[in-house]
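**Student:** Here are the chains, one letter per residue:
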Amino acid sequence: MFEKMVTSIQTDEARHSQIGHPVLAQVIKHDPEYAQYLVDKWFWRNWHLFSFMTGVSMDYLRGSERRSGSFKEFMEEWIIDQFFRTIDEFGLKKPWYWEIFLNELEIYHHMLYVSAYTYRATLWFDVVMPTADDRRWLREKYPKYWEDIDIVWERLAERWKKSDSGGEGEPLMRAAALPAFCNLCQLSLSAGTPRNNTANVLTHEGTEYIFCSQPCRWIFLHEPERYAGHRDLVKRVLCGEAPTDFAALVTDYFKLTPDTWGKDAFGGICK
Amino acid sequence: MILPLYGFVEGDTVGVLILADKEESVESMARKLRDAVTLRVDASDDMEVVYQGVVLDPLITLEQALIAPLQRLDLRRKNGVPKDRKG
Numbered sequence: 000m001f002e003k004m005v006t007s008i009q010t011d012e013a014r015h016s017q018i019g020h021p022v023l024a025q026v027i028k029h030d031p032e033y034a035q036y037l038v039d040k041w042f043w044r045n046w047h048l049f050s051f052m053t054g055v056s057m058d059y060l061r062g063s064e065r066r067s068g069s070f071k072e073f074m075e076e077w078i079i080d081q082f083f084r085t086i087d088e089f090g091l092k093k094p095w096y097w098e099i100f101l102n103e104l105e106i107y108h109h110m111l112y113v114s115a116y117t118y119r120a121t122l123w124f125d126v127v128m129p130t131a132d133d134r135r136w137l138r139e140k141y142p143k144y145w146e147d148i149d150i151v152w153e154r155l156a157e158r159w160k161k162s163d164s165g166g167e168g169e170p171l172m173r174a175a176a177l178p179a180f181c182n183l184c185q186l187s188l189s190a191g192t193p194r195n196n197t198a199n200v201l202t203h204e205g206t207e208y209i210f211c212s213q214p215c216r217w218i219f220l221h222e223p224e225r226y227a228g229h230r231d232l233v234k235r236v237l238c239g240e241a242p243t244d245f246a247a248l249v250t251d252y253f254k255l256t257p258d259t260w261g262k263d264a265f266g267g268i269c270k
Numbered sequence: 000m001i002l003p004l005y006g007f008v009e010g011d012t013v014g015v016l017i018l019a020d021k022e023e024s025v026e027s028m029a030r031k032l033r034d035a036v037t038l039r040v041d042a043s044d045d046m047e048v049v050y051q052g053v054v055l056d057p058l059i060t061l062e063q064a065l066i067a068p069l070q071r072l073d074l075r076r077k078n079g080v081p082k083d084r085k086g
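Respectively, the protein sequence lines represent chains A and B.
For the first sequence, numbering that gives the first Met the number 0 begins at 0 and goes up steadily by one.
For the second sequence, numbering that gives the first Met the number 0 begins at 0 and goes up steadily by one.
These are calculated hints, taken from the structure and not from any lab test.
Heads up, some of the hints might be wrong.
[Unchecked claim] Derived CB-CB ranges, DEER-like:
hint, chain 1, residue 1, chain 2, residue 2, range
1, A, Ser63, B, Asp41, 45 to 53 angstroms
2, B, Gln51, A, Leu122, 29 to 37 angstroms
3, A, Lys140, B, Gln51, 30 to 38 angstroms
4, A, Leu122, B, Glu23, 27 to 35 angstroms
5, B, Asp41, A, Gly68, 29 to 37 angstroms
6, A, Glu224, B, Gln51, 26 to 34 angstroms
7, B, Asp20, A, Ala227, 33 to 41 angstroms
8, B, Asp20, A, Ser7, 49 to 57 angstroms
9, A, Ala13, B, Asp41, 48 to 56 angstroms
10, B, Arg30, A, Gly239, 51 to 59 angstroms
11, A, Glu32, B, Gln51, 31 to 39 angstroms
12, B, Arg30, A, Lys254, 43 to 51 angstroms
13, A, Lys40, B, Asp20, 49 to 57 angstroms
14, A, Ala13, B, Glu23, 27 to 35 angstroms
Note that CB positions come from ideal geometry on N, CA and C, so glycine has one too.
Whenever a hint applies, use it, and build me the whole structure from the sequences.
**Tutor:** Take a look at the structure:
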């Protein structure tokens, strides 16, 4: 069963990858400006999801004994090089936000993960704190901003040491204020750096929106009719559909229970 | 009257939603914001609230500071941002 499923996924994805180039060639033939927009838009949107799903998995959720390289190194070798070859082949330009992307490559998934760690009761899987060895490795791989992230992990480690042992310490170790989300990518407002979060507010046709980054704002402004109507968690809370109290939100609205919500898999690795 | 705001604390990794009251002081809102992020950040007392690039007087109310709903407020370490905003 599992083999068949993997084979099916593989052939499906192979088809997708084969469709991409001919479709892009056709769009460029008829409207090169639109083709550039689509590439810029979807690279960014995929980047944010990929950074959370794959970046976190590669740098935090696999054991150190299984690590061969960092997520950033993987991106540089397998994604960026190939992306450049493709856009060169089609006569397209690098996305205008390239410097922002390169900066995010250093820190974005770290910002997301440490935030998600403190909101783990909203997740459906367990998470882990990086060990001292993990943190040394991450400092080596991500020297540009690691200190700003490490100070948060250090604070969390100290809190674990002071908390009760095992699972009883969990409630004290979770954030209780409602996190806010980008109205475009729907991920938490965790772009930029801890010293300079890049979230920005926009008033569009009398309604307030917030974006984690300039590229997310730019995508929204290109197609506001596509995104403006989405009711994110904050809007649901403000219109009274979801509770303002974080604990009630998790249990009554998300219907998560202590049995099903995410926990630290080891009850705080630093204990 | 409830005033929802997006709060960002220097050193933190995520923005949070703060439900303030228009009549409450900037100082009181800052306390709420500090408490909201205390798990991740040690937001010590020598911080100030910055709105649209200007430091707010901690004693005025959010209404006096002319803060609209769903705007961004920052709690930042004191660093010489001009202190000339009354409201």
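**Student:** Please go over all the hints and tell whether each is borne out by the structure.
**Tutor:** Evaluation of the provided hints:
1. Ser63(A) - Asp41(B): 45 to 53 angstroms: violated (28 angstroms)
2. Gln51(B) - Leu122(A): 29 to 37 angstroms: For Leu122(A) against Gln51(B), whose Cβ atoms are near 34 angstroms apart, the range 29 to 37 angstroms holds.
3. Lys140(A) - Gln51(B): 30 to 38 angstroms: This hint holds: roughly 37 angstroms between Cβ atoms.
4. Leu122(A) - Glu23(B): 27 to 35 angstroms: holds (33 angstroms)
5. Asp41(B) - Gly68(A): 29 to 37 angstroms: holds (33 angstroms)
6. Glu224(A) - Gln51(B): 26 to 34 angstroms: Since Glu224(A) and Gln51(B) have Cβ atoms about 28 angstroms apart, the given range 26 to 34 angstroms holds.
7. Asp20(B) - Ala227(A): 33 to 41 angstroms: Taking Cβ atoms as reference, Asp20(B) and Ala227(A) lie about 28 angstroms apart, which means the hint is violated.
8. Asp20(B) - Ser7(A): 49 to 57 angstroms: holds (55 angstroms)
9. Ala13(A) - Asp41(B): 48 to 56 angstroms: holds (50 angstroms)
10. Arg30(B) - Gly239(A): 51 to 59 angstroms: Taking Cβ atoms as reference, Arg30(B) and Gly239(A) lie about 26 angstroms apart, which means the hint is violated.
11. Glu32(A) - Gln51(B): 31 to 39 angstroms: holds (34 angstroms)
12. Arg30(B) - Lys254(A): 43 to 51 angstroms: violated (32 angstroms)
13. Lys40(A) - Asp20(B): 49 to 57 angstroms: At roughly 39 angstroms between Cβ atoms, Asp20(B) and Lys40(A) fall outside 49 to 57 angstroms, so the hint is violated.
14. Ala13(A) - Glu23(B): 27 to 35 angstroms: violated (58 angstroms)
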